[in-house]
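Can you build the whole structure from these sequences, using the hints too?
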Amino acid sequence: MDYHELDDSYLVQLITRAHADALGELYDRYGRLVFSLAFNIVGDEAVAEEITQDVFTSVWEKAGTYRSDQSRVSTWLSSITRYRSIDILRRRGARPEQYSVPWGDLHAEMIPDQISTDERAEELILQKRVRAALAELPAEQRAALALAYFRGYSHSEIAAELGQPLGTVKTRIRLAMQKLRNLLDEEDHA
Amino acid sequence: MAVEQHIIELIPEYVLGLLDPVESQQVEQHLQACAACREEEQAHRQVVGLLAYSAPQKDPSSKLRQRILQVPGTQAIQATEKPIPNQFWQKLAHFFGSPSPGWVALTVFLFAAWLLSALLLGAQIYQLRAELARQSPLQVIALKGTESAPEATGVLIVSVDGTHGALVVDRLPKLDEANEYQLWLIRDDHRESGGVFSVGKSGYGVLYVSSEEPLSSYPSFGITIEPAGGSPGPTGEKVLGGDL
Ligand SMILES: [Zn+2]
Chain A
1 MDYHELDDSY LVQLITRAHA DALGELYDRY GRLVFSLAFN IVGDEAVAEE ITQDVFTSVW
61 EKAGTYRSDQ SRVSTWLSSI TRYRSIDILR RRGARPEQYS VPWGDLHAEM IPDQISTDER
121 AEELILQKRV RAALAELPAE QRAALALAYF RGYSHSEIAA ELGQPLGTVK TRIRLAMQKL
181 RNLLDEEDHA
Chain B
1 MAVEQHIIEL IPEYVLGLLD PVESQQVEQH LQACAACREE EQAHRQVVGL LAYSAPQKDP
61 SSKLRQRILQ VPGTQAIQAT EKPIPNQFWQ KLAHFFGSPS PGWVALTVFL FAAWLLSALL
121 LGAQIYQLRA ELARQSPLQV IALKGTESAP EATGVLIVSV DGTHGALVVD RLPKLDEANE
181 YQLWLIRDDH RESGGVFSVG KSGYGVLYVS SEEPLSSYPS FGITIEPAGG SPGPTGEKVL
241 GGDL
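As you go down the protein sequences, you meet chains A and B in turn. Residue numbering for the first sequence follows my numbering, starting at 1 and increasing by one per position. Residue numbering for the second sequence follows my numbering, starting at 1 and increasing by one per position.
Below, simulated BS3-like cross-link-like pairs (lysine-lysine); rule was C-alpha separation at most 30 Å, straight line:
#, chain 1, residue 1, chain 2, residue 2
1, A, Lys128, A, Lys170
2, A, Lys128, A, Lys179
3, B, Lys63, A, Lys62
4, A, Lys62, B, Lys174
5, A, Lys62, B, Lys58
6, A, Lys62, B, Lys201
7, B, Lys201, B, Lys144
8, B, Lys144, B, Lys238
9, A, Lys62, B, Lys144
10, B, Lys238, A, Lys62
11, B, Lys174, B, Lys144
12, B, Lys63, A, Lys128
13, B, Lys174, B, Lys201
14, B, Lys201, B, Lys238
15, B, Lys58, A, Lys179
16, B, Lys58, A, Lys128
17, B, Lys174, B, Lys238
Calculated directly from the structure, the hints in this document are not laboratory data.
Here it is in structure tokens:
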């Protein structure tokens, strides 16, 4: 079987039937995404690798819980990754050394044009789309959303970090998410 | 909350995990009954999913792929039915593989406790507890099964400085794939997650616990059944509980 040709959700189906090669292919597609997200949350390569291993192990064990009608495979993976990473961040009680969350300078962070495979090409397109959408948000909305997304902060922690009232923080996050939803959704149907 | 009152404005915070447990539960209840809000929820989940692509990308070490495929790969050879990985051993191997301050003695201790608890069943675990309490400066908290899991027992072992601990459980029912057990650190109305874990067919499970505030500052501990990955606050049946 040429796993390379199969779509994501079919790979997950094969994983429920214990096809180890399907897990390998899924890792080749999303291992980097999972690892990068974990690293950006916990700020430690070794811990990020452990989380990545943990995520793919739980995919192996729990592939049956994936619902293809509800989300993309990448969404499912990134949500498991984000939850685990934030959980570890909280339980360690330590904050990453380099404190700044990503998205500081979306225009300056150029994405390298080293396209080697079709999958990488798709990944790069998604990266550019998402960053372009984020760049359209006012900086203060982006800052609040980044602390919620990458640090798992609560409203009040975000308010304290940014020195803003709670209500302002809530509004900023709602507006940011609604705008992203519209921007990214439009493009989905474009 | 009535179906008529939509909760659209709460959805962004809901999918980001920013709502408190009560609000979350209200949103969940509404979503079960309202297709319009459910559609909105899925759209926002996709947005949160896409945000993963915004993080600067970085390659993991090339050995990681092999490490990940090792476990299932070997088991899949003879598999017509999916094997059940022995989570306990995986987790224990994981502890040994990742040293962190103050954990070494704890791990050795944990292993001994596990071996002992594997031999001593039921009420004897409480003798073990008394024994440990006499011999060791570590604090040992016994957890008792609730009506939902009357056979279950457990111990939470807390390090001298109170910042690290290990949970060992026995005779908990094995859950289906959609659910996991979650430990809660309880103080007044506050419930802090101590982590999620599963048990195999044997009913044994182990969880390494650390917390921002000393574990010894929580007067009570509880374990509930939650959707896989855990919940922001307890939502499911309580199976074990105990007090400091
Ligand atoms: Zn509704």
